[in-house]
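Asks: Chain by chain, the residues:
4 protein chains.
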Amino acid sequence: MSEEKIIDGMQYGFVPNRHLWYFEYYTPGNCGIFMKMNKHLYSAQSKYQRIDIFETDFFGRVFSLDGITMTTEKDDFFYHEMLVHVPMFMHPNPKKVLVIGGGDGGSVREVLKHKSVEKVIMCEIDEMVVEAAKKYLPVTASKLDDPRVELVFEDGSQFVRNFKNEFDVIIIDSTDPTAGEGGHLFTEDFYKACFDALKENGTLSAESEDWLYDGAWLRLAYSRIKKVFPVTKLYLGFMPTYPSGMWGYTFASKGIDPIKDFDPEKVKNFGEELKYYNEEIHKAAFALPTFLKKELENL
Amino acid sequence: MSEEKIIDGMQYGFVPNRHLWYFEYYTPGNCGIFMKMNKHLYSAQSKYQRIDIFETDFFGRVFSLDGITMTTEKDDFFYHEMLVHVPMFMHPNPKKVLVIGGGDGGSVREVLKHKSVEKVIMCEIDEMVVEAAKKYLPVTASKLDDPRVELVFEDGSQFVRNFKNEFDVIIIDSTDPTAGEGGHLFTEDFYKACFDALKENGTLSAESEDWLYDGAWLRLAYSRIKKVFPVTKLYLGFMPTYPSGMWGYTFASKGIDPIKDFDPEKVKNFGEELKYYNEEIHKAAFALPTFLKKELENL
Amino acid sequence: MSEEKIIDGMQYGFVPNRHLWYFEYYTPGNCGIFMKMNKHLYSAQSKYQRIDIFETDFFGRVFSLDGITMTTEKDDFFYHEMLVHVPMFMHPNPKKVLVIGGGDGGSVREVLKHKSVEKVIMCEIDEMVVEAAKKYLPVTASKLDDPRVELVFEDGSQFVRNFKNEFDVIIIDSTDPTAGEGGHLFTEDFYKACFDALKENGTLSAESEDWLYDGAWLRLAYSRIKKVFPVTKLYLGFMPTYPSGMWGYTFASKGIDPIKDFDPEKVKNFGEELKYYNEEIHKAAFALPTFLKKELENL
Amino acid sequence: MSEEKIIDGMQYGFVPNRHLWYFEYYTPGNCGIFMKMNKHLYSAQSKYQRIDIFETDFFGRVFSLDGITMTTEKDDFFYHEMLVHVPMFMHPNPKKVLVIGGGDGGSVREVLKHKSVEKVIMCEIDEMVVEAAKKYLPVTASKLDDPRVELVFEDGSQFVRNFKNEFDVIIIDSTDPTAGEGGHLFTEDFYKACFDALKENGTLSAESEDWLYDGAWLRLAYSRIKKVFPVTKLYLGFMPTYPSGMWGYTFASKGIDPIKDFDPEKVKNFGEELKYYNEEIHKAAFALPTFLKKELENL
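One line per chain: the protein sequences are A, B, C and D, in this order.
With full-length UniProt numbering applied, the first sequence covers 1 to 299.
With full-length UniProt numbering applied, the second sequence covers 1 to 299.
With full-length UniProt numbering applied, the third sequence covers 1 to 299.
With full-length UniProt numbering applied, the fourth sequence covers 1 to 299.
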């Protein structure tokens, strides 16, 4: 980490490139994660948010919106596999999928591992995010040009209202409610529109923030989805570069139960490479710590 | 967070107490967690390590050794419940328990929730840690003066060698291998001595670092324990203020299997308050992400 | 700076004590100075302000009010010598001196190097600052127990109104106008009261902030003093641990001119050790950069 | 500084763009300056050094080599005026000037304010610095395309050896001895070659680091130049964004004395706009604090 220089008989402790840092402040504003940036690859203010992509030694490329980490090459699969494969494996035969948000492309990449899928619409409000991801995040955005993918650059909370009984799976891969326009994707109205846009066997997942720093949002997302869907279950996954590392997701459906109706054999025989998600993780994700179970029971 | 002052007609954006910060650098040294400190309560260099305890708004009191976070009042129960209750509930009737390390007292506090326990020896190398914890961490150290507790201030890796067939449960609550003298508690010799000190039905748990930043240590701890114990299983728990939030623990025994031999009814009927651990969490903790399963299979 | 540890065959780059940092944010709030703290010696919230004293490797002990650096053992003499000796050497025979603020004792220490002085009243609003300085800042507070010193714990802006034609020299050693109650010491009323409390040959100095980050306060202090005193001159000194390193002081008198009436021989023959101030520095301090001369001409 | 967002009834303290920071570590490595970056404009690793240019709210554009601040739009004139105008005004009629280093163009800009100048050779080792400065630092690099300027991309410590009795003024505008190849510009051999390349009336200035953090280099530069030149004098200037704000420069000549031979009228009648330097500043800059005078006397 440190390199010594001896110049003209004087020894110098020299620490190169120690000068550029990224600080993500967690909600209360007095704690967070810091990362050294090697190189700032992209930085822009879109109509909706500040976009930054930078290189690090440890995490590879890091993508941030309004100073909130969205993905790193190191651990993006933790998040995208948990968000996508839970509702995808619960659906008996997912053909048509709607991804709301998800501009970096990681959710689409995971959806397309399911061979039954014929079409994915990704509705991302911010076209600049998608352009930047295609250019600078090839690992995450690898499938955005797949012919089965249709990209729509609109407000997902409005776009979903165009459909009734249309999708097999809806994946809400929003930014933080406090970044950009993320808040629109946390309203009851929006969840109701998702319900209507889903077919009878439809399943849904929604990123639901973390308990420690954003517990209010987690409870809000869960309780609002629960008002709309007959089956609503919170599940958890590790996600190292997100606040607290304990990430919340909400599964919802019109009847399918993510535990009772789960077929581990489907996962075992999947054929495609998954790095995080497996049949044991699926079940384990719905086991909640006692404090969290109690909080949800009271909602 | 910010308070405005208007003095003599000039307006000043004034942000009080923004000046004292704690930075924990994770292993690669170019990332980590930061926390604002409200007040530094205790700071000392013991024979073994640098000890700091400080107050924060969000985490309550935080305890750090050599700049590595050991506990915060906010989430100490995540860690201590997972470290302690897994081996404790797996033992049919734990009476005598050895805690190695654990100077803050959190493990002892959890052990004593089990009514069968008659004696806990806590062997902590650094007496100054225990003194500081008693004074400044009342939530964590609450049971260190319980009459069933015997405190020993010695190197646990040596102390355990004094016993053969003595303990029902051994809990290795070490600091990081890189802080203070933590490294001694990660050797095969030491694990062998633990095996010898355990009775036939004995169970053991060992904190085993995190995969993301300290994966080499996690694999080392697991593989060395596996050489010594017939049953060795890694399990995971969320731990927000530890690196990556995905904390590794190793369970080991002379025969008891943490899944097959687990009796969920014992947990359900426990009677004592547990905030994190429950019977579903117990089983879920042994479900490992695919990448980690594969790594362990190759060891 | 970095120490390697090899534990059990694994090499670890280990950087001890890298975890406690002090950040002073300069006025615009998006830049400042950072220092590693070795040990936090004192931390308290008085009635007026947050007080912190900590040890560093490089600066020795550092004293901060509301997160603003007041003194460091490394460079306190830069500031205190410039604040004190300019008005002290300009007075023909200073016997009675009033220090307003200056709770760390550095100004009193410098005043008492002048053998003519019979009495110094130090009026510091915050008694806790003085107590902390006596205990933790022996280098700075070394003369606070001298029999010629009278300590008064009152608001200096009120206290000075008790005197007419009383002092030979008044030294305004305030905190920042934005810290604690510092703002009271930047009003025209207060400067008028200082004028009245000074004898005919009286001289005054006032710390006047820095131009780069706090130029508005520098201009305010200078222009208000100028309304009250017939002779008013800004002077500058280096001060490494204050914002920008270019510190402003205002000299004022009822007639004595700090250049024309200056006698370099007095300084040369002073006899007491001065580390920063000398007869050439005295004159040089009144040479202002062109941009600053122009700003002051327009006030 | 903070902007509130209310989304769906939940209020959020939102601090946009707080995530990208620049930290310059001063020599001992445990203190320094920090600045929030708005936008990273340029980042590259040249053959010699890491180059970064970024935008800030407060300082405008900032240019850094190996994490060491070279110029900011806010205060570049402090440094460049003091480095250039002292030797330029001391020469009776400067026609041919050599700038060694100075890739940002600030020294050339100041040199060309002197109407007598017919030719400036700027010898900068790193062509990428000049290209970046031309593109991103228009304020500093404004005169690099002037027809009187010849740009040479070579090691200045070698290049100067090509000349004997050639230049009227030489300006050593090096980077830090610890950044890039700066160390070559602090050797006695190099200073001897500068002496030889200067004409009889020649004058020279060399940036000489700061006393507080880099005092060893300051003393080294001064003492080596003194071995070579009959007239050698250290002078000081404020420089807010350089370490300590107290910047050292060495003036040297074959006989001209920067105080005795100084003609203030030349400065008064200069005609070109100078923002920092003036005839009083010229003289004041050679007044050294007592501690520094003593250090230099002992060299």
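Mixed in with the good hints there might be a few duds.
Chain copies aren't distinguished; within one or between two, either way the pair holds.
Said to hold, decoys possible - Restricting the straight-line Cα-Cα distance to at most 25 Å, the calculated cross-link-like pairs of lysine-lysine (DSS-like) are: (1) Lys74 with Lys96; (2) Lys227 with Lys47; (3) Lys39 with Lys268; (4) Lys293 with Lys96; (5) Lys227 with Lys113; (6) Lys135 with Lys260; (7) Lys113 with Lys283; (8) Lys266 with Lys192; (9) Lys134 with Lys39; (10) Lys293 with Lys74; (11) Lys260 with Lys96; (12) Lys283 with Lys119; (13) Lys283 with Lys294; (14) Lys134 with Lys113; (15) Lys268 with Lys283; (16) Lys226 with Lys119; (17) Lys74 with Lys192; (18) Lys47 with Lys199.
Derived by calculation from the structure, the hints in this document are not laboratory data.
Asks: Confirm or reject each hint.
Replies: Cross-check of the supplied hints:
1. Within a single copy, Lys74 and Lys96 get their C-alpha atoms no closer than 29 Å, and across copies no closer than 43 Å, so neither meets the 25 Å cut-off.
2. With identical chains, the CA atoms of Lys227 and Lys47 are never at most 25 Å apart, being 33 Å at best within one copy and 50 Å at best between copies.
3. For a Cα distance limit of 25 Å, the shortest separation of Lys39 from Lys268 qualifies neither inside one copy, at 40 Å, nor across copies, at 47 Å.
4. In the homo-oligomer, the alpha carbons of Lys293 and Lys96 never lie at most 25 Å apart, since the shortest distance is 33 Å inside one protomer and 32 Å across protomers.
5. In this homomeric assembly, Lys227 and Lys113 never come within 25 Å of each other (Cα to Cα): the closest approach is 31 Å inside a single copy and 38 Å across copies.
6. When the C-alpha separation of Lys135 and Lys260 is checked against a cutoff of 25 Å, the pair qualifies neither within a copy, at 42 Å, nor between copies, at 49 Å.
7. Taking CA atoms no more than 25 Å apart as the test, Lys113 paired with Lys283 passes inside one copy only; the shortest distance there is 20 Å, against 28 Å between copies.
8. With identical chains, the CA atoms of Lys266 and Lys192 are never at most 25 Å apart, being 30 Å at best within one copy and 41 Å at best between copies.
9. In this assembly of identical chains, the alpha carbons of Lys134 and Lys39 lie at most 25 Å apart whether taken from the same copy (18 Å) or from different copies (21 Å).
10. Taking identical chains as interchangeable, the C-alpha atoms of Lys293 and Lys74 lie at most 25 Å apart only when they sit on different chains, with a minimum of 18 Å there against 30 Å within one chain.
11. For the identical chains of this complex, Lys260 and Lys96 are intra-copy neighbours only, at 24 Å inside a copy versus 40 Å across copies, given an alpha-carbon limit of 25 Å.
12. With identical chains, the CA atoms of Lys283 and Lys119 are never at most 25 Å apart, being 28 Å at best within one copy and 37 Å at best between copies.
13. Taking CA atoms no more than 25 Å apart as the test, Lys283 paired with Lys294 passes in both settings, with 19 Å inside one copy and 19 Å between copies.
14. For a Cα distance limit of 25 Å, the shortest separation of Lys134 from Lys113 inside one copy, 19 Å, qualifies, whereas the shortest one across copies, 49 Å, does not.
15. Taking identical chains as interchangeable, the C-alpha atoms of Lys268 and Lys283 lie at most 25 Å apart whether they share a chain (13 Å) or sit on different chains (19 Å).
16. With identical chains, the CA atoms of Lys226 and Lys119 are never at most 25 Å apart, being 27 Å at best within one copy and 47 Å at best between copies.
17. Taking the shortest Cα distances, Lys74 and Lys192 never come within 25 Å of each other, neither inside one copy (35 Å) nor across copies (35 Å).
18. In the homo-oligomer, the alpha carbons of Lys47 and Lys199 never lie at most 25 Å apart, since the shortest distance is 33 Å inside one protomer and 60 Å across protomers.
The structure shown violates the earlier hints numbered 1, 2, 3, 4, 5, 6, 8, 12, 16, 17, 18.
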